[in-house]
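Peer 1: With the numbering used here as the guide, the letters of the sequence shown map in order to residues 1 to 128.
Derived by calculation from the structure, the hints in this document are not laboratory data. Where hints are given, some of them may not hold.
Stated by the list, open to error - Dumping the calculated SDA-like pairs for lysine to any residue here, alpha-carbon to alpha-carbon at most 20 Å:
1. 111 x 33
2. 111 x 59
3. 111 x 64
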Amino acid sequence: MAGTDTLITRADFAGLATRDLARSVEFYGGALGLPISAHVPERNYAEFETGNLTLSLYNPKSFGGEFHTNANAIALHVEDMESARATLAERGVEFEGDTFDTGVCFMSFFKDPDGNALMLHHRYAPRT
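Kindly generate the complete structure, drawing on both the sequences and the hints.
Peer 2: This is the structure in structure tokens:
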């Protein structure tokens, strides 16, 4: 390593492409209940806060890019998997199978309306 100073101190945001910003705003703000911190419809852009990572939604076609979904699930922490999953199911979120128990955490997979992979996550075992 070339030095002891940490250059990167955190992740600021994760970008998620959308084809329909209004639909995504309703999903992330309504169904998931995340607070919106930026919304610029004329620029096809919105941000939602998770507590430690901003989810940045954008329409790539609005600046000449191509639409691609994120196939690697962003893990959204919940304290009570069963309750959170039931609440989101009531709000129309469709889960992909049952909750998965890895032996250290619970994971419940789902997708946003554009097909971006997400999961509810709860770690129940201490880190070793």
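Peer 1: Does each hint fit the structure? Answer for all of them.
Peer 2: Against the structure, the hints come out as follows:
1. 111 x 33: Holds: residue 111 and residue 33 sit about 15 Å apart, inside 20 Å.
2. 111 x 59: Status holds; Cα separation ~17 Å.
3. 111 x 64: Between residue 111 and residue 64 the Cα gap is close to 25 Å, so the pair fails against 20 Å, i.e. violated.
When each numbered hint is compared with the structure, a violation occurs for hint 3 only.
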